Amino acid sequence: MAWYDEDSWLTAAFSPKLSTIIVTCIVALVLPILLHGFLYRNAAATASLPTFLLVGPSGGGKTAFTTLTERNTITQTHTSTQPLTVEALLPSPHIPASAHYRSAGDPAFERARRFLLLDTPGHGKLRHYATAQLADPKTIRAIIFVVDAAALAEEAGLNEAAEYLHDVLLALQKRYTSATTSKGPKEIPVLIAANKMDLFTALPANLVKHQLEKAITEVRTSRAKALRDAGAALSGGEDEVDEEKEWLGEGGEGAFEFSQMQEIGTAVGVVGANVLGQGEKGSVEGWWEWIGENL
Amino acid sequence: MLDTFEVLTTSGVVLWSRTYVPVGANIINSLIRDVFIEERILPQPEDAGSKPTYKKEGYTLKWTASKDLGLIFVAVYQSLVHLTWIDKLLDNVRALFVGLYGEQLKAEHSSVVNCDKFGSYFDRQMHELEGASDSGAPSVRLSTPPSSTDNESADERAPAPPLLQKAQRPLYDTSADSTPVPTPDTSRPTTPAHSHLVTGKARPGPGGSRLSRRDKKKASAMSSAPVSSGDEASSKRKGKSATKRNRVWGEFGAEEQDDSVLDYSQADLRDGASENEAMEEIKQETWGRKTNKGEFILKDLDEEMDAIISAQNAKKEKEAMTTASGGLVGSSLGAIGGLFRNVVGGKTLTKEDLVKPIKGMEEHLLKKNVAREAVVRLCESVERDLVGMKTPNFTTIESTLRTSMEKALTKILTPTSSLDLLREIQHTNATSPRPYVLSIVGVNGVGKSTNLSKIAFFLLQNHHRVLIAAADTFRSGAVEQLRVHVKNLHELSKREGGHVDLFEKGYGKDAANIAADAVAHAQKNAFNVVLIDTAGRRHNDARLMSSLEKFAKLAVPDKILMVGEALVGTDSVAQARNFNASFGAGRTLDGFVISKCDTVGDMVGTLVSMVHATGIPVVFLGTGQHYSDLRTLNVGAVTRLLMS
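Chains A and B are the protein sequences, given in the same order. Residue numbering for the first sequence follows UniProt numbering, beginning at 1 and increasing consecutively. Residue numbering for the second sequence follows UniProt numbering, beginning at 1 and increasing consecutively.
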């Protein structure tokens, strides 16, 4: 049967038959609905909640804090190898700063209490998950740098934490200095969450701050003295003139203080808490309060 | 005995665990660190028959992973005990867990998996496997108390799992002689068929078949009570589990039909086996009915468990089958869809999809002078990473593979700890009267002395007092060469600050003694850094390499760097390995200096090969002829070069 025959499908499709009309109607009605459903499902996934990025050296208690915030109970955790995103609700006595005027029954109030916690692995080899987020912090509302306050008492632990923190702050500073608008990028506050305060050897919060400032100063000076890296030598060869290195804080001179970071739109706070207590749940009220202030 | 069994996610959350003897969390942490992150210990390939093992502090850990769901299953037991059934347990538990909670695990933005009742499945699985292994060992059977067998209520048994159950198992053996306990090997393929037959026979049987089913349910509700928290919850859960079983059962049934259609040859065999199995099964059931009702619940759970496990296995087989041979229409449609998805993205990657791109990637890396061994490992890890993953929107397989490979290269090259030499020197000088001792080893002609003097120049720039020890007492001209370097550096140090001197004892002396003397000399004369140059040696000459052990013992270097040239090809792996192993127990290399990087262009594969062989980071790169041509590693730049 050729296409020009009387009863071929093409003739039927153009003739005023009832079946043709019905099929046309069905197609015309169903197709938009399907398209809508498809688009709606895809778009719904990207509805953005404010994200709090958890960084810090391995063994600080990032995953433990994540699960505590999500479930309100403690769970056993091990070294992470993959990032984890968790949707959480700010616990009830704490009120998000953006919704402090809302009444408790308001659905918008409930919505404002939701946020995402993005837990990243802290192991030296796996920090690229965190640095990738820092390079393009569009959805990041704030950064929580979780650190083991007991490990800071030892030199190795202090150095590791300070170097990581230095890199995080430097990434934030680069983002600020390389911004093209006059207004500057939105502020990203940093909380240094000193964990494991229940341990006997843990440093108190103000000492954590002091030690980290001192260690970051040292990191900065040793970075200044260190050899250049091989980037330019390997790829270019001729352009030996390295792009100017950037120094954390006020031109990299003198002692580093966290208050210097105010200039680049990053307020640094230090709050001590403990995720785990003596076998039971610890208290992290201080961190939640901070999250509430920045939510 | 098994000490601990844990189910954890790759993001570090423990979903479910069963502890018989408490084991420190650091044991599993070090497994994750050493095996999954640093890949220091390479797991044997899966098809070697047994699961990979990892030993730490007297414990043996075996694990298996479910890549697509990001799960790791770890079993920990004392190394003294030899447990043969752990592999089987891991396999079964994985199938069970994935079958029961796979849906929950896929939920986005959540780490919560409600798996409180997994305990009963696990216990049952344990009993079965332990029982199977015990039946072969009469000594264990003798040691169990005979009193605990007969009048045992289900409630009592649940909280005290292994011992009592062990006593139960042998009884099976005596009552039904002809292997009533399905051995691990046979149980997997046959159980689906046999459970099918069992239910079939039970229905036409004497009137009480329905009653007995109800009894089973009642009894199971009773037994799950001690495991779960409260009565209400347990009954609710019971309902849930029943529906779940039905669903899996239906899925499985369909599976069975497919199998029989596609593969006639095996169906015969299977039927024969299943009939045999069914006979024994009935015997067991009658025996169980006589003694107590408690037996039934366990049986019930057992069936459910077997159904889940076999469904999982069948699913796997089916996946393998569909890729091999689909229907005519299905395959062509699939091919078109696959092509479309390949462009648009959203395709679930299989091993077959990846074969060609990975082959291309392998060749690309080989061209970049990466040793074959390292290439194979990288490609395997990338494949492991990607199989079962969905490509993101509007990305092809190739670009997905590229990003994954970049990630793998970054991971392998990034050092675990800080490599700040100045900081270390400062720390050592502050804490001990001994100077900081750095020694350099390597094959002949790679540039040991040149890189040593480059490091000396760098230290002089930072105003250190450096003593260079000429411990190459073998090659003529070696000491004179260093003397020239020291003279040059001395001139430079006048401008830059710092102080440099040479410690030499001529030729023919023992290098280790000279090194030790140099350290003593430096300590006396307030040098704070000692750099020791050694003779070049061929890495596969055992006689020359053996002297390094004595050297490490006498000189006690704080840091041993090995110089490797970027020009070397496949041999780099063997060089790195042999040097790393030559310093005796407890001492390894601390880093590599890769020299002559300026001569290879973008073929910097040697870096990857050396780090791959040992897991030791690259500290410096030599990039030219001048004293200042020493650089630290830039992981991003090297990765870019390798992928370009």
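In short, the hints are calculated from the structure, not lab data. All figures in this text were calculated on a predicted structure; none of them were measured in a lab. The beta carbon of each residue, even a glycine, is placed where N, CA and C say it ideally should be. It is possible that part of the hints are untrue.
To be verified - Here are the computed lysine-lysine pairs in the DSSO-like style, where the Cα-Cα straight-line distance is at most 30 Å:
hint: 1; chain 1: B; residue 1: K62; chain 2: B; residue 2: K117
hint: 2; chain 1: A; residue 1: K138; chain 2: A; residue 2: K209
hint: 3; chain 1: A; residue 1: K174; chain 2: A; residue 2: K125
hint: 4; chain 1: B; residue 1: K62; chain 2: B; residue 2: K88
hint: 5; chain 1: A; residue 1: K125; chain 2: B; residue 2: K487
hint: 6; chain 1: B; residue 1: K407; chain 2: B; residue 2: K55
hint: 7; chain 1: B; residue 1: K106; chain 2: A; residue 2: K281
hint: 8; chain 1: A; residue 1: K125; chain 2: B; residue 2: K559
hint: 9; chain 1: B; residue 1: K117; chain 2: A; residue 2: K125
hint: 10; chain 1: B; residue 1: K411; chain 2: A; residue 2: K174
hint: 11; chain 1: B; residue 1: K88; chain 2: A; residue 2: K138
hint: 12; chain 1: A; residue 1: K138; chain 2: B; residue 2: K487
hint: 13; chain 1: B; residue 1: K356; chain 2: A; residue 2: K125
hint: 14; chain 1: B; residue 1: K487; chain 2: B; residue 2: K559
Said to hold, decoys possible - Here are a few chain B residues that sit away from chain A, every Cβ distance over 12 Å (derived from the structure):
hint: 15; residue: T53
hint: 16; residue: D87
hint: 17; residue: D91
hint: 18; residue: E103
hint: 19; residue: R372
hint: 20; residue: C379
hint: 21; residue: K407
hint: 22; residue: S476
hint: 23; residue: E491
hint: 24; residue: A516
Evaluated hints:
1. K62(B) <-> K117(B): Roughly 23 Å between the alpha carbons, so the hint for K62(B) and K117(B) holds.
2. K138(A) <-> K209(A): holds, 28 Å
3. K174(A) <-> K125(A): holds, 22 Å
4. K62(B) <-> K88(B): With Cα atoms ~11 Å apart, K62(B) and K88(B) stay inside 30 Å; holds.
5. K125(A) <-> K487(B): This hinted pair is violated, its Cα atoms lying about 41 Å apart.
6. K407(B) <-> K55(B): Between K407(B) and K55(B) the Cα gap is close to 28 Å, so the pair holds against 30 Å.
7. K106(B) <-> K281(A): Holds. K106(B) to K281(A) sits at ~28 Å (cutoff 30 Å).
8. K125(A) <-> K559(B): holds, 21 Å
9. K117(B) <-> K125(A): violated, 36 Å
10. K411(B) <-> K174(A): Holds, at roughly 24 Å.
11. K88(B) <-> K138(A): Judged against 30 Å, a Cα distance of about 47 Å means the pair is violated.
12. K138(A) <-> K487(B): violated, 55 Å
13. K356(B) <-> K125(A): This hinted pair holds, its Cα atoms lying about 29 Å apart.
14. K487(B) <-> K559(B): Holds, because 25 Å separates the two Cα atoms, which is no more than 30 Å.
15. T53: The claim holds: T53(B) sits with its nearest Cβ about 18 Å from chain A, beyond 12 Å.
16. D87: holds, 22 Å
17. D91: holds, 22 Å
18. E103: Holds, because the least Cβ-Cβ distance between E103(B) and chain A comes to about 17 Å, which exceeds 12 Å.
19. R372: holds, 23 Å
20. C379: C379(B) is indeed farther than 12 Å from all Cβ atoms of chain A, at 19 Å.
21. K407: Violated, since 7 Å does not exceed 12 Å.
22. S476: Correct as stated: the minimum Cβ-Cβ distance to chain A is 32 Å, above 12 Å.
23. E491: holds, 21 Å
24. A516: For A516(B), whose nearest Cβ neighbour in chain A is about 28 Å away, the distance exceeds 12 Å, so it holds.
Violated hints, listed in ascending order, are 5, 9, 11, 12, 21; each of the other numbered hints is respected by the structure.
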